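**Q** So you can see what is in the structure, the chains are spelled out below.
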Amino acid sequence: MNVLTDNWSTYWHGFLGTLWLTLVSAALALGLGVVVAGFRVSPVRPLRAFGTGWVTVLRNTPLTLLFFIVVLGLPRFDITLPFFTFAVLALGCYTSAFVCETLRSGVNTVPVGQGEAARSLGLTFTQTLGLVILPQAYRSVVAPLGSVMIALAKNTAIAGSFSVVELLGTYRTINELGYGIVWTFVWIAVGYLILTLAISALFNLLERRVAVSR
Amino acid sequence: MTVESSALYDVPGPKALARHRLYGWLALLVIAAVIGWVVYMLFHTQQFTYQKWMPFEYKGVQELLLRGLANTLKAFGWTALFALPFGALFAAGRLSDHRVVRWVSTVVVEFFRAMPLLVMIFFIFVALKAPPMWALVAGLTLYNGSVLAEVFRAGVLAVPKGQREAAYALGLRKTQVMAYVLVPQANRAMLPTIVSQLVVALKDTSLGFLITYEEFLHAGKLIATNLDYDLPFIPVVMVVAPVYIGMCLLLSWFAKWLERRGRRSPKAKGGAPVAAAGLTPDPQG
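Residue numbers (this note's numbering), protein chains in the order written: chain A, 941 to 1154; chain B, 544 to 828.
These are computed hints drawn from the structure, not numbers from a lab.
Model, not experiment: these values are computed from the prediction.
Glycine included, every Cβ here is placed at the ideal spot set by N, Cα and C.
One thing to keep in mind: the hints can contain errors.
[To be verified] If you want the footprint, here are the derived chain B segments under chain A, 3+ residues with CB under 8 Å: (1) 651-664; (2) 783-790.
[What the hints assert, rightly or not] Pairwise CB distance ranges, derived in the manner of DEER restraints: (3) B:610 x A:944: 34 to 44 Å; (4) B:632 x A:1018: 46 to 56 Å; (5) B:645 x A:1149: 24 to 34 Å; (6) A:1112 x B:610: 25 to 35 Å; (7) A:944 x B:593: 54 to 64 Å; (8) A:1115 x B:703: 51 to 61 Å; (9) B:792 x A:1149: 44 to 54 Å; (10) A:1149 x B:583: 44 to 54 Å; (11) B:578 x A:1018: 16 to 26 Å; (12) A:1051 x B:674: 47 to 57 Å; (13) B:703 x A:1141: 31 to 41 Å; (14) B:703 x A:945: 50 to 60 Å.
[What the hints assert, rightly or not] Some, not all, of what chain B presents toward chain A, calculated at C-beta under 10 Å: (15) 551; (16) 590; (17) 670; (18) 763; (19) 777; (20) 780.
Please construct the entire structure, taking both the sequences and the accompanying hints into account.
**A** Next comes the structure, spelled out in structure tokens:
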């Protein structure tokens, strides 16, 4: 009778799938993003070039094409992984480019004197970046990083079309049971809204905490 | 050397230079090793055999790809055509003095920005039974239009307050203030951001692939999964990916060029607030 109560477990599994995919991809994206951002500001030219190439290519490739390459392409190299891992790879790499650019612009907002002071204390490049610059850049980066994460959560929807269990994909099973199509989608929309609102609330909280410590 | 790098390290001395050179060579070695491994795998899995590249010789296949590209550009064109007025309309709505108009516009813009694009496209495709292209265009328009609405709004709000006050003081009406004073000034600041958002729209046309719209990626898949050519997957990627990247890069360069031009022009005081107004396209990609 009611789409939501009848298909609660389907929706719930889809929602959990989306949540899990978001979390794991976010971890990969943040890790990669920090490393590549480090490359992009490093004094070593090949590393810098690599960082630039990474960002340029990934930012200008459609995510669908990336999924296409990872999900259908890696098996051609005899690399077969669970679809979930493929999805995490595609989403994580794609998002890492945006994380990297966000961090880099954050590094630019840190006063030059901070870096100079760190160097005059004898800190190395890695120490300056990791101990002095990034902790300060973090403040100005929290808000834009939140938008990147929301974009990531929304992009997980694409994974459903490549056989990963996630929220949007649930419409297929539920639709086959003959429920009103509009209501089937309403609850999917609600699920995504909950997720994106939760992320933005989380980042608002972070932002406020950072602002207090200023 | 840019400001940002000088904040992190000094101009290297001879010792540091030697060290950096060492790191550089090590990095190059690693990168070369990875590339070498990929190339080895490409040869190992026989991606360069004649049979796999053969399909590109056929006129039919070439036409299929070109038709796909044309469809991609068509969807992109329609999206740009609809999204810009949509954005302008709802930006005006959000700036309206009438509370109801403002609220409705706010809800519409916020909702379509928060929804995954693919959910909207699927909804329009499955529930409203729209043809694939129009489902794609409608979804892209709603999403990018909403983002553009925010860009327009931020742009108009970023124009110095005195401009608006002066215009009112001269006796212009609200519409006139908007059309003759605020929008032209905001325009210059917004233009690069608008073009960058169009890059996002261009990339997202590939979502049409998922609802069987016969665009570029769809054509690529058709060829890639063809058994007669021994599943030429990698060759197809080598053809399709550079085209997408190239198109997006061209548009990004156009945006950058607009930004530079806006900054260079002496009258372009209005061009400054681009960054200040927080006018960045959504990182949706």
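**Q** Hint by hint, say whether it matches the structure.
**A** Status of each hint after checking the structure:
{"no.": "1", "hint": "651-664", "result": "holds (count 6)"}
{"no.": "2", "hint": "783-790", "result": "holds (count 4)"}
{"no.": "3", "hint": "B:610 x A:944: 34 to 44 Å", "result": "holds (42 Å)"}
{"no.": "4", "hint": "B:632 x A:1018: 46 to 56 Å", "result": "holds (53 Å)"}
{"no.": "5", "hint": "B:645 x A:1149: 24 to 34 Å", "result": "holds (31 Å)"}
{"no.": "6", "hint": "A:1112 x B:610: 25 to 35 Å", "result": "holds (29 Å)"}
{"no.": "7", "hint": "A:944 x B:593: 54 to 64 Å", "result": "holds (56 Å)"}
{"no.": "8", "hint": "A:1115 x B:703: 51 to 61 Å", "result": "holds (53 Å)"}
{"no.": "9", "hint": "B:792 x A:1149: 44 to 54 Å", "result": "violated (39 Å)"}
{"no.": "10", "hint": "A:1149 x B:583: 44 to 54 Å", "result": "holds (49 Å)"}
{"no.": "11", "hint": "B:578 x A:1018: 16 to 26 Å", "result": "holds (19 Å)"}
{"no.": "12", "hint": "A:1051 x B:674: 47 to 57 Å", "result": "holds (55 Å)"}
{"no.": "13", "hint": "B:703 x A:1141: 31 to 41 Å", "result": "holds (34 Å)"}
{"no.": "14", "hint": "B:703 x A:945: 50 to 60 Å", "result": "holds (55 Å)"}
{"no.": "15", "hint": "551", "result": "holds (5 Å)"}
{"no.": "16", "hint": "590", "result": "holds (7 Å)"}
{"no.": "17", "hint": "670", "result": "holds (4 Å)"}
{"no.": "18", "hint": "763", "result": "holds (8 Å)"}
{"no.": "19", "hint": "777", "result": "holds (6 Å)"}
{"no.": "20", "hint": "780", "result": "holds (6 Å)"}
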